[in-house]
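Just so you know, the protein sequences line up as chains V and W, in that order.
Terminal number for the first sequence in the working numbering: 250, no gaps in between.
Terminal number for the second sequence in the working numbering: 348, no gaps in between.
Keep in mind the hints are simulated off the structure, nothing from the lab.
Don't take each hint at face value.
[As the list claims (entries may be wrong)] Below are the DSS-like pairs computed for lysine-lysine, each with C-alpha atoms no more than 30 Å apart in a straight line:
no., chain 1, residue 1, chain 2, residue 2
1, W, 260, V, 43
2, V, 86, W, 187
3, W, 195, V, 9
4, W, 195, V, 3
5, V, 226, V, 188
6, W, 195, V, 193
7, V, 43, V, 7
8, V, 43, V, 218
9, W, 187, W, 260
10, W, 195, V, 2
11, V, 12, W, 228
12, W, 187, V, 12
13, W, 195, V, 192
14, W, 222, W, 264
15, V, 9, V, 43
16, W, 36, W, 2
Since this is a predicted model, take the numbers as computed values, not measurements.
Chain by chain, the residues run as shown.
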Amino acid sequence: MKKVYAKPKSLKDAPFHYCPGCGHSIIHRLIAEVIDELGIRDKVIGIPPAGCAVLAYNYFDVDMCESAHGRGCAVGTGFKRAQPDKIIFTYQGDGDMAAIGTAETLHAANRGECITSIFVNNAVYGMTGGQMAPTTMLGQKTTTSPMGRRPDVEGYPLMITDIIATLKGAAFVARHSLATPAKILAAKRSIKKAFEVQMAGLGYSLVECLSPCPTNWKVTPVEAFKLLETRMEREFPIGVLKDVTKKPKG
Amino acid sequence: MKGTNALGEAAVQAGCRCYFGYPITPQNELTEYMAKRMAEVGGVFVQGESETASINMVLGAAASGVRAMTSSSSPGISLKQEGISFIAADELPAVIVNIMRGGPGLGNIAPSQGDYYQATRGGGHGDYRTPVFAPASVQELYDLTMHAFDVADIYRTPVLILGDGMLGQIMEPIVLNKKNKVKLPPKDYVLDGAKGRPSRIIRSLILDTREMEAHNWKLKRKYDLMRKELPLWEEFMTDDAKLVVVAYGTAARIAKGAVKRSRKEGLAVGLLRPMTLWPFPDEAIKSVAKNARLFLVFEMNTGQMVDDVRLVLEDSSKCVFYGRPGGEVPSPMEISRIIGRYWVQKEL
């Protein structure tokens, strides 16, 4: 019998600790599949964040270096500059990427560091128990915005991916959603493209994944996936924001 | 050679090939020197967007197995503490230079020794220590920087070099000593892609309390070994000294001048100069304390190292303090006047 589907080699044989319906395990798998398909497992160094995915190093079967909260792109810069032939990815949540680590992210992108960031946006701080994130949507209730996010008090959701797309050092920038199998496959295509852009030395690449957090959204997993389409994708439009390989010649 | 340049050149000669830093006075010449030299030797120079970013770049380079360094001055070193704590927890080698300035806050850019506590008590959060070297001349900036890179590799630890704006700015003739031949442990922690070996993890998160406790004790055993093997100090005319001045760095240069003056006046005075601030040269203090009747600790702050001297002496009546904080640099004459005053007061 022909084997058509298997666990990626770049994932260890360890059960995920993530909550039921969480998007992290899907995104882990997509990254691992891409690493396998590109045949780069022995060249990859992954940098997990502080947050729910801090234990990502227990799941990826590649070299992994933990980073302090928000410093992934700085640590990644150190790795890439010291070992330009290696392939570096950071795995970062919304707080990591767009609050505490905004400076590190923005400047690594602006320097055109040839690293890839996978940005998991679930509009809430997961591990600490559902506090407001920089990407929390207007009106969205969290434990630290109990009245719902108000623009005059808590400000607006930060569109970090859109900001990065404006930077000359960024070569590939995309936003995807995990709402449906088709959208998940589109996310995978972009993750692959992001790694390829890095390998071609074109600059910084970023793939944002809108991801469900049923636990802190206080809904069922099925409802959470629906909310991705009905709420998050409206706030954060999906698609490829920048792709330097698609530039017209001349 | 200028102090900052000697330090930078020592780093280059020690094989440092990655430098990350953010401009801050009074150490900009070092950053600029590294920008030029890293380009010449095919190394990496990145001006980070902040001190925080720079120290985390050091972490990435150190985990790559490359000798890496960053430098800053007091306020910038505060920002680096997060990264230093992680580097200590991850047991990675790195060299961090602090050319101290007056503080707290922005303070000023004059020579000061206000960061002794921060440097010798770990500095960042958590239960760790970092070796701290305190050069007092341009030659020592060169020699101790080379040594610092070996120490970092041998013990897999962040190492601090503590200087001040005066040391960084002065020019003195030096001998460009050759690199020591030291046997270094294998770098079996390096993340360079899991080729032909199982994948590796570098992490500081240890959720299991027993595992965390074991890691803390493991670090402690390493620090105990450092306490035994690393202390360095200089003694000047301590053999028959009744009063011994304890000072480091720029303060020790001034103190040496003061001791010479006091000797001319016929007072049996000596100088004990710690060259490592952590581990502190406890044994040297104990040994000198057998004959000395009074220790005068002189620092360019309001009194920090004096605590370590008192801890060793276990008799605070044998120890007095004189300090000039705020970037004030006293003359040898001022210190010899203080020596004279205590000589009379304590009936030495």
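Review point. Would the pair residue 222 (chain W) and residue 264 (chain W) pass a check requiring their Cα atoms to be no farther apart than 30 Å?
Key: Measuring from Cα to Cα gives roughly 45 Å; hence the hint is violated.
Check your understanding: Would the pair residue 226 (chain V) and residue 188 (chain V) pass a check requiring their Cα atoms to be no farther apart than 30 Å?
Key -> holds (20 Å)
Point to revise | 30 Å Cα cutoff - pair residue 9 (chain V), residue 43 (chain V) | key: holds (14 Å)
Point to revise | Given hint residue 187 (chain W) paired with residue 86 (chain V) - CA-CA distance at most 30 Å | key: Holds, at roughly 18 Å.
Review point. CA of residue 187 (chain W) to CA of residue 12 (chain V), is that 30 Å or under?
Key: Holds, because 24 Å separates the two Cα atoms, which is no more than 30 Å.
Point to revise | Proposed proximity, residue 192 (chain V) with residue 195 (chain W) (alpha carbon, max 30 Å) | key: Holds - the C-alpha atoms of residue 192 (chain V) and residue 195 (chain W) are around 21 Å apart, at most 30 Å.
Exercise for review: Would you check the hint for residue 187 (chain W) and residue 260 (chain W), treating anything up to 30 Å between C-alpha atoms as holding?
Suggested key: violated (47 Å)
Check your understanding: Are the Cα positions of residue 12 (chain V) and residue 228 (chain W) separated by 30 Å at most?
Key -> violated (42 Å)
Point to revise | Hinted pair residue 36 (chain W) and residue 2 (chain W), Cα distance within 30 Å | key: Since the Cα atoms of residue 36 (chain W) and residue 2 (chain W) sit roughly 15 Å apart, the hinted pair holds (cutoff 30 Å).
Review point. Does the structure keep residue 43 (chain V) and residue 7 (chain V) at a Cα separation of 30 Å or less?
Key: holds (20 Å)
Review point. Quick one, are residue 43 (chain V) and residue 218 (chain V) close enough, alpha carbons at most 30 Å?
Key: The hint is violated at about 40 Å.
Check your understanding: residue 195 (chain W) and residue 9 (chain V): Cα distance at most 30 Å?
Key -> Between residue 195 (chain W) and residue 9 (chain V) the Cα gap is close to 14 Å, so the pair holds against 30 Å.
Against the hints set out earlier in the document, violations occur for numbers 1, 8, 9, 11, 14.
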